[in-house]
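Undergrad: In case you want the letters, here they are:
There are 2 protein chains.
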Amino acid sequence: MIVHGKPSRTVWLHPSQPSIIQVIDQRHLPFAWVIEDLSTVDQVATAIKDMHIRGAGCIGAVAGYGMYLAAIEASHDATPDAHLDRSAQKLVATRPTAVNLAWAVHRQLRALADQPDPAQKISTALTIATEIADEDVACCRAIGQHGLALIRDIAARKAPGEPVRILTHCNAGWLAFVDYGSATAPIYTAFEQGIPLHIWVDETRPRSQGARLTAWELGQHGVPHAIIPDNSGGHLMQHGLVDMVIVGSDRTTRCGDVANKIGTYLKALAARDNGVPFYVALPSSTLDWTMRDGVQEIPVEERDATEITHVEGWDGHRVTTVRVVPENSPAINHGFDVTPARLVTGLITERGISPASEEGLLQLYPEHRTE
Amino acid sequence: MIVHGKPSRTVWLHPSQPSIIQVIDQRHLPFAWVIEDLSTVDQVATAIKDMHIRGAGCIGAVAGYGMYLAAIEASHDATPDAHLDRSAQKLVATRPTAVNLAWAVHRQLRALADQPDPAQKISTALTIATEIADEDVACCRAIGQHGLALIRDIAARKAPGEPVRILTHCNAGWLAFVDYGSATAPIYTAFEQGIPLHIWVDETRPRSQGARLTAWELGQHGVPHAIIPDNSGGHLMQHGLVDMVIVGSDRTTRCGDVANKIGTYLKALAARDNGVPFYVALPSSTLDWTMRDGVQEIPVEERDATEITHVEGWDGHRVTTVRVVPENSPAINHGFDVTPARLVTGLITERGISPASEEGLLQLYPEHRTE
Numbered sequence: 001m002i003v004h005g006k007p008s009r010t011v012w013l014h015p016s017q018p019s020i021i022q023v024i025d026q027r028h029l030p031f032a033w034v035i036e037d038l039s040t041v042d043q044v045a046t047a048i049k050d051m052h053i054r055g056a057g058c059i060g061a062v063a064g065y066g067m068y069l070a071a072i073e074a075s076h077d078a079t080p081d082a083h084l085d086r087s088a089q090k091l092v093a094t095r096p097t098a099v100n101l102a103w104a105v106h107r108q109l110r111a112l113a114d115q116p117d118p119a120q121k122i123s124t125a126l127t128i129a130t131e132i133a134d135e136d137v138a139c140c141r142a143i144g145q146h147g148l149a150l151i152r153d154i155a156a157r158k159a160p161g162e163p164v165r166i167l168t169h170c171n172a173g174w175l176a177f178v179d180y181g182s183a184t185a186p187i188y189t190a191f192e193q194g195i196p197l198h199i200w201v202d203e204t205r206p207r208s209q210g211a212r213l214t215a216w217e218l219g220q221h222g223v224p225h226a227i228i229p230d231n232s233g234g235h236l237m238q239h240g241l242v243d244m245v246i247v248g249s250d251r252t253t254r255c256g257d258v259a260n261k262i263g264t265y266l267k268a269l270a271a272r273d274n275g276v277p278f279y280v281a282l283p284s285s286t287l288d289w290t291m292r293d294g295v296q297e298i299p300v301e302e303r304d305a306t307e308i309t310h311v312e313g314w315d316g317h318r319v320t321t322v323r324v325v326p327e328n329s330p331a332i333n334h335g336f337d338v339t340p341a342r343l344v345t346g347l348i349t350e351r352g353i354s355p356a357s358e359e360g361l362l363q364l365y366p367e368h369r370t371e
Numbered sequence: 372m373i374v375h376g377k378p379s380r381t382v383w384l385h386p387s388q389p390s391i392i393q394v395i396d397q398r399h400l401p402f403a404w405v406i407e408d409l410s411t412v413d414q415v416a417t418a419i420k421d422m423h424i425r426g427a428g429c430i431g432a433v434a435g436y437g438m439y440l441a442a443i444e445a446s447h448d449a450t451p452d453a454h455l456d457r458s459a460q461k462l463v464a465t466r467p468t469a470v471n472l473a474w475a476v477h478r479q480l481r482a483l484a485d486q487p488d489p490a491q492k493i494s495t496a497l498t499i500a501t502e503i504a505d506e507d508v509a510c511c512r513a514i515g516q517h518g519l520a521l522i523r524d525i526a527a528r529k530a531p532g533e534p535v536r537i538l539t540h541c542n543a544g545w546l547a548f549v550d551y552g553s554a555t556a557p558i559y560t561a562f563e564q565g566i567p568l569h570i571w572v573d574e575t576r577p578r579s580q581g582a583r584l585t586a587w588e589l590g591q592h593g594v595p596h597a598i599i600p601d602n603s604g605g606h607l608m609q610h611g612l613v614d615m616v617i618v619g620s621d622r623t624t625r626c627g628d629v630a631n632k633i634g635t636y637l638k639a640l641a642a643r644d645n646g647v648p649f650y651v652a653l654p655s656s657t658l659d660w661t662m663r664d665g666v667q668e669i670p671v672e673e674r675d676a677t678e679i680t681h682v683e684g685w686d687g688h689r690v691t692t693v694r695v696v697p698e699n700s701p702a703i704n705h706g707f708d709v710t711p712a713r714l715v716t717g718l719i720t721e722r723g724i725s726p727a728s729e730e731g732l733l734q735l736y737p738e739h740r741t742e
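Which chain is which? The protein sequence lines are A and B, in order.
For the first sequence, counting from 1, position 44 maps to 44 in my numbering; every step adds exactly one.
For the second sequence, counting from 1, position 106 maps to 477 in my numbering; every step adds exactly one.
Simulated from the structure, these hints should not be mistaken for lab results.
Don't be surprised by glycine CBs; every beta carbon is placed ideally from N, CA and C.
A hint or two may mislead.
[Said to hold, decoys possible] Stretch by stretch, here's where chain A covers chain B in the computed footprint (C-beta under 8 Å, at least three residues):
#1 572–579
#2 730–742
[Said to hold, decoys possible] Partner residues aside, some chain B positions facing chain A, computed with beta carbon under 10 Å:
#3 Val470
#4 Trp474
#5 His540
#6 Ala639
#7 Thr680
#8 Val682
#9 Leu714
#10 Ile724
All chains, full assembly: derive it from the sequences and hints.
TA: See the structure below:
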């Protein structure tokens, strides 16, 4: 999407040095715009592990480009195949639970195994890396097109010029993918179509990805929005100020239970209580066909308490960290929660919109029928 | 309650200089413990207006003591009655919507009108100020006793030593009153009785009164607790980790709709969805008998956006403020929301526990029957 007036993805080939890839170092957002050059597999591994980049789609694409750098390095190595394998292991180990990461790396390994010539390996690796990134964009665009229909329906019931007001939680934006994002794809698509919008951006404590990333994305692209505390959504819905909710998903079970950033469940409850449609946008790569009951089965990671007790911000001169609680106060930090399918109006996938149910999902993804 | 090992109220007479009152300057909590001497009506007005002290009960009590200082000042004044009236107006104007403030000031004015002698005026004003503070404490203690029965019931169903886990939102603690608090009164009372407790403290963005004040109170008094993001309560309830919710109230309608800090409604929804009892503790002075439908009738104040966009904390050397959103990002800050009576299990008042309904409240407060 647009940054400082120009289109950008989250990862791309260096414009003049084709053995370097570039990523947005997202740790500095929204306080500084830092582009990082990655010219070795080790640098790529560090960028993923230390969260210079994050988000399922973005991690997968960067790992794909990482294997392209691995192919370049292997061409100078005495044991090129061993170097490729070591690189693959190194990349996969950076975020062990990231499904897209392992998938991208193994896709590269399979493709490169067929290419005996080092130059051909490099060329193939670049082709595959580009494909992975382009497919991620195409997937998000398809989610955007399907979600657009929902937004258009709401806009059609409003007076001309009156904005469709959409609430979102956390960052399921283009920064988490290669472009467009998942929850934001319908928003950017509707914006391209000239539909008036107003986005309520949950700040999303404790890591504040809404306030730091989603608000930055929308602001750069020119989409009207306002940051709200996570506490505000219910009040806004009670007063008819939210037309729909669109969130992303870390993992969705075959029955439609949605694991997403902590607090999503509370917004789904408020949406149901006020008759507001609650949609989840997700690429099918995040569907977990092995699970049914999300609340019981999906493990919820407990993260470091300092994400709650300390806050990073701009003090006027530099980024600094302050403690916001009494000294030594205990805090508990659960990374996400599970929204039961009964609270979800629909799942917006790249193949279309499905009810949040096993039968609904299987109609779109019949290859996962087990009988 | 206990601070640094010693009992404290939020306002008291200076131990050796009886023409000075002392308050806790709450703006510095939890980073510093500052006791402020107030020796003039102007200083009291500033302390209330600039929120050195806050909370309905605390404001009322400090205003009561402020009128005692007014009586001292009036005894040196050429026109003592005019000085008293000016002081009363000055104090009432500091927080025009604070019901307890106007009530305390007018109670003093009425009592002082009967006392022609200046020395007698001073002595009466001190008596009344002490009465107002003591009555606030007695009211909170009564709330604590009634709420204790609920906690004891839950404890009785648990294995010995297993804590009763109570979630609370914002600061309806002793810092908002003179002692004990409203939502915290049952907690402190149960703690005195030796019932094992674990308190989930919502941080309560954007002003973080939970993380800054409630966690500090509980920590000083020795009550086991953990700070959680406002987003976490639903997840904890889904997993059976919350036995009950107790919150305070800014205003409760005669039908039992509860205005309280923004985000309270979301916790009430989660409590209902998971069968967790949701109680509101309130002194009857915050009941608004003129209103019925809280969502429609209670005006919700919109506060400064900087409470969202900027965060105050301890940088290791001093209290500093950092910006936590993109530069110039818009933000919207609603101060509270309304929880409909249908989501409230019961109202814990100083006269007992009532269903959240007009009939329930009128049985406890029959003097407000209109027919």
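Undergrad: Taking the hints in turn, state whether each one holds.
TA: Do the hints match the structure? See the list:
For the segment 572–579 of chain B, the stated coverage by chain A is satisfied: 5 residues place a CB nearer than 8 Å to a CB of that chain, which reaches the threshold of 3. For the segment 730–742 of chain B, the stated coverage by chain A is not satisfied: 0 residues place a CB nearer than 8 Å to a CB of that chain, which falls below the threshold of 3. A least Cβ separation of about 22 Å between B:Val470 and chain A goes past the 10 Å threshold, and the interface hint is therefore violated. At its closest, the beta carbon of B:Trp474 sits 28 Å from a beta carbon of chain A; the interface hint therefore is violated under the 10 Å criterion.
Restraint check, B:His540 versus chain A: the minimum CB separation of about 9 Å is within 10 Å; hint holds. Using the Cβ-Cβ criterion of 10 Å, the hint placing B:Ala639 at the interface with chain A is satisfied: the shortest such distance is roughly 9 Å. Taken as an interface hint, B:Thr680 checks out: its beta carbon lies about 7 Å from the nearest beta carbon of chain A, inside 10 Å. The beta carbon of B:Val682 is positioned within 10 Å of a beta carbon in chain A (closest approach about 5 Å), and the interface hint is therefore held.
Taking 10 Å as the C-beta contact cut-off toward chain A, the hint placing B:Leu714 at the interface holds, the least distance being around 9 Å. With its C-beta approaching chain A no nearer than about 25 Å, B:Ile724 sits outside the 10 Å limit, and its interface hint is violated.
The structure fails hints 2, 3, 4 and 10 (numbered hints given earlier, in ascending order).
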